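Given next are the chains, with one letter for each unit.
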Amino acid sequence: MRELLADTGVIFGRCMRATTRSKTNLFFGMLQPLLFLALFGPLLTRLSLGVDGSSWQAFVPGVIVQLAILGGSYVGLGIIVERGQGVIDRMRVTPVRPAALLLGRTLRDVVQLAVQAALLVLLGLAFGLRAPVAGVLAGFVFVAVLSAALSALSYGLAMNVRTPPEFAAIANTAGMPLMLLSGLLLPMTLAPGWLDGASRFVPFRYTVDAVRQAYLGHYTSGTFAIGAAVTAVFAAVSLTGGAWLFRRGG
Amino acid sequence: MSTTVISARGLARTFELKSGPVHAVRGIDLSVAAGEILGFLGPNGAGKTTTLRMLTTLLPPSGGAAEVAGCDLRRDPAGVRRAIGYVAQAGGLDPACSVREELVTQGRLHRLGRAESRERAERLAGELALVELMERPTGALSGGQRRRLEIALGLVNRPAVLFLDEPTTGLDPGSRAELWDLVRRIRDEQGTTVFLTTHYLDEADALADRIVVVDAGTVAAEGSPADLKARYAGDPAAPLQDAFLAITGHGARDEHAPVAI
Numbered sequence: 008m009r010e011l012l013a014d015t016g017v018i019f020g021r022c023m024r025a026t027t028r029s030k031t032n033l034f035f036g037m038l039q040p041l042l043f044l045a046l047f048g049p050l051l052t053r054l055s056l057g058v059d060g061s062s063w064q065a066f067v068p069g070v071i072v073q074l075a076i077l078g079g080s081y082v083g084l085g086i087i088v089e090r091g092q093g094v095i096d097r098m099r100v101t102p103v104r105p106a107a108l109l110l111g112r113t114l115r116d117v118v119q120l121a122v123q124a125a126l127l128v129l130l131g132l133a134f135g136l137r138a139p140v141a142g143v144l145a146g147f148v149f150v151a152v153l154s155a156a157l158s159a160l161s162y163g164l165a166m167n168v169r170t171p172p173e174f175a176a177i178a179n180t181a182g183m184p185l186m187l188l189s190g191l192l193l194p195m196t197l198a199p200g201w202l203d204g205a206s207r208f209v210p211f212r213y214t215v216d217a218v219r220q221a222y223l224g225h226y227t228s229g230t231f232a233i234g235a236a237v238t239a240v241f242a243a244v245s246l247t248g249g250a251w252l253f254r255r256g257g
Numbered sequence: 012m013s014t015t016v017i018s019a020r021g022l023a024r025t026f027e028l029k030s031g032p033v034h035a036v037r038g039i040d041l042s043v044a045a046g047e048i049l050g051f052l053g054p055n056g057a058g059k060t061t062t063l064r065m066l067t068t069l070l071p072p073s074g075g076a077a078e079v080a081g082c083d084l085r086r087d088p089a090g091v092r093r094a095i096g097y098v099a100q101a102g103g104l105d106p107a108c109s110v111r112e113e114l115v116t117q118g119r120l121h122r123l124g125r126a127e128s129r130e131r132a133e134r135l136a137g138e139l140a141l142v143e144l145m146e147r148p149t150g151a152l153s154g155g156q157r158r159r160l161e162i163a164l165g166l167v168n169r170p171a172v173l174f175l176d177e178p179t180t181g182l183d184p185g186s187r188a189e190l191w192d193l194v195r196r197i198r199d200e201q202g203t204t205v206f207l208t209t210h211y212l213d214e215a216d217a218l219a220d221r222i223v224v225v226d227a228g229t230v231a232a233e234g235s236p237a238d239l240k241a242r243y244a245g246d247p248a249a250p251l252q253d254a255f256l257a258i259t260g261h262g263a264r265d266e267h268a269p270v271a272i
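Going line by line, the protein sequences match chains P and S. Using this note's numbering, you'd call the opening residue of the first sequence number 8 and step up by one each time. Using this note's numbering, you'd call the opening residue of the second sequence number 12 and step up by one each time.
Hint data in this document are derived by calculation from the structure and do not stem from the laboratory. Only a predicted model underlies this, so the values are computations on that prediction, with no experimental measurement involved. C-beta: ideal position from N, C-alpha, C; glycine also. Some clues are possibly wrong.
[What the hints assert, rightly or not] With a Cα cut of at most 20 Å, we get these calculated SDA-like pairs of lysine to any residue:
1. P/LYS30 - S/LYS29
2. S/LYS29 - P/GLU173
3. P/LYS30 - S/GLY56
[Claimed, not checked] Quick look at which bits of chain P chain S covers, simulated, 3 or more residues with Cβ under 8 Å:
4. 23-31
5. 86-94
6. 193-200
One chain only, chain S, in its complex shape (with noise of 0.2 Å):
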């Protein structure tokens, strides 16, 4: 029996600007199981970063409620911070500080010790074909390099969860099939939970367990690549764009802006 690491009931973010509220999430229920690996996708706009920052704590709901790794959202985010790797779109790498200091610091941010920070840095080095660069500093790294390093400090705490935010753009076909691979591999070596936002449906479809669609702040649709592209494209073997249009109505890059009332 699957065991449920990420639950949300009615989760909602409303921002509250000048011109009046905007209701960026209107309320998403979600349920992912442990080892699976969730695509989250929608236009721009639909609500998935929101989402993705409020299930990693860096935004607090306006509505509902959501569990990550046994912890409550609200009433304890220093418990599922301690349970999730988060690897942002903006990467978060200090471009003059070397590979093995952003590795030995995020350690230590996750109050590991100096020596074993020190340890995880190279086992995870090692793991993702870092060894070579340890001393380079991460702004001289190619792209593909920086994204593998960026998913090693996501790994540090050995999280239940990891989160990725559009984590293959701006990369080469080369590096994107690279990194599907290590995916997959950290899903399947450490049973990791992957939550993943993407815009581009190949990947989802190469890599998800299952598809989550949001629209316009709610969920439009779910399932299985398969399931979906034969309950909304006719044909269980049509890409998964034509699903997706007959979902939302426009592409995966198309700008949908958050309904303000």
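Just chain P, same shape as in the assembly (with noise of 0.2 Å):
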């Protein structure tokens, strides 16, 4: 377990030089969700969002959980780069625990969301958004959580598939019905009953709701602790199958 934790941290620490090297992709992709909720927030703020409180306490965390769905899916093309320059088998042929190899990265795209959404809800603040700091942490542990169990799938995915296009192929077609199904951006009230339906089949609707309860303080309601029981299972789901697929691949 130590040695686990130990190879985590340098794979950790790479993958994180690696991030903070590249100020282009960093400035462009935290500045991407901030114009997302600059300019598409205030559109909502005479709707109901399906929630008692305020438009901004149903956007944000359906932006955030969105953040952690999109970041956290597309994440495995960098690791196709990698292979295809030999880093991934370089490092397989070390003692390094292959499970580190995807910790390692998997803990760096957290870290980068945690940051993310810390940002946008700062933003929101100065928006409108009013949530107890308890609810807003909350809500960072469940896009944390959500963020590292769709990292490792994408990653273990990423390193069963060839090329970048096979992978942003699978990567979209999956992902798109996914968020439409969540109600990240508008309730799913609103929705027809089969689509309604249909979205309760999909993980992240619990995870956007039990957030949006969190951002109204109500945690002790059933919808947040179903969330939060969803949430873990989906990510203990993903963590292991991801961490089988990327044993299995390369």
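Please assemble the complex out of the two chains, which come individually in their own frames, going by the hints.
This is the structure we're talking about:
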């Protein structure tokens, strides 16, 4: 266990250095969700988004979960490039644990997402978001777990496809309907019955509903508890599946 | 008496494709002595890279057994990885990382402490003429400099066996000659066993103590370069190409797809 943690730390450090070295990627990666929030959020202020509080209490959690889904799903593209450069094979022929190669990268993605999420909340506050600190922190935990799960799956999948276009096609096809069915931007209560029914099979719906409850301070609600349970189960399955795919691939 | 550092018996790998099984390696027997430079030759598709990937634990064998540096390939792959260095044809460098960062990270991947990794990086940089390049991104290195760095990465853990996969592909003649000297120096000064795959027959002739020629996934011939030339070309002074052609029936760069059943 100690070795796994140490190995994960080495990979995490390398990945963080790579992330912070690329200033352009970092800047535009951070800017995009902020622009989305600033330019789309104000359109919703007069709409009822299916929660008790303001539209910002529904919208900001949606954007943060969307960021976790979009960011997490596409991280695999990077590892396809690394694999082509021979970096992954070079690392696999060292004593480092294969799981650490995955966990170190996943941890980097979680840290990156946490920083983006914090900036989104700060911008949301400027626009009128009001939420309890504990709720915001609980929201961070939800999206961190979701991000880790999706990153692990994404890396695992990427290790089993040959080219970036193949990977992007799979990620797009899976990601787009899952996002639309999650009620991230508009509540699924607005949807016709069949669509609402279909969305109940999508785990992200429960995550975003739980984060919205957290932003309202409703930590003891059934929705919050169900969201926590669904997110935890999804994360456990995804991390296990991602690790298996990662080990099998390449 | 020489010690065997690589031994393989019936090592095999079959890929299960939709079109049917492909027997890339069909049962290779191999023995490499400590301190030996072994040239592993064969036409394209003969099973060289698949064998190398099995011996470096990147690919599990479908059949047979092998030991590398006293560790069983199946039972103790982590032990094998601790004892070997591997320089892939693709190189394995991140073009944005500096030479120093790559060397220190490799040390950390081999579980050296921070200070020890830095110290090892400095020492290898000195030995492989990389000192002036330590802060340079690897993407800005010349082909020869990149190869020297990749070999330095393969030596970070003081390996018993260094696997080199097509190490001089794409290098100019001057850099190739430099690299040959380096490989000899690694063997002579550190006693490291070198397992070398190459398409260049002159390279194998100049560097290898012994050559193993594989064809269609099996060992077709083995011996010293002079021995192979005498046996298959009728003259120990003949070009190795003549012997290779006699053994395999085609040139070292010819395609020879694995046999599908």
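Quick rundown of the hints versus the structure:
1. Of the pairs offered as hints, the one joining P/LYS30 and S/LYS29 is violated, with about 44 Å between alpha carbons and a cut-off of 20 Å exceeded.
2. For the given pair, S/LYS29 sits about 18 Å from P/GLU173 by alpha-carbon distance, which is consistent with the 20 Å threshold.
3. A threshold of 20 Å between alpha carbons decides the hint, and for P/LYS30 with S/GLY56 the separation of about 43 Å lies outside it, so the pair is violated.
4. Counting residues of the segment 23-31 of chain P whose beta carbon lies closer than 8 Å to any beta carbon of chain S gives 4, which reaches the threshold of three, so the coverage claim holds.
5. As drawn, the segment 86-94 of chain P meets chain S at 5 residues by the rule of a beta-carbon pair under 8 Å; at three or more, the given contact holds.
6. Judged by the Cβ-Cβ criterion of 8 Å, the segment 193-200 of chain P is not covered by chain S as claimed, because only 0 of its residues qualify and three are needed.
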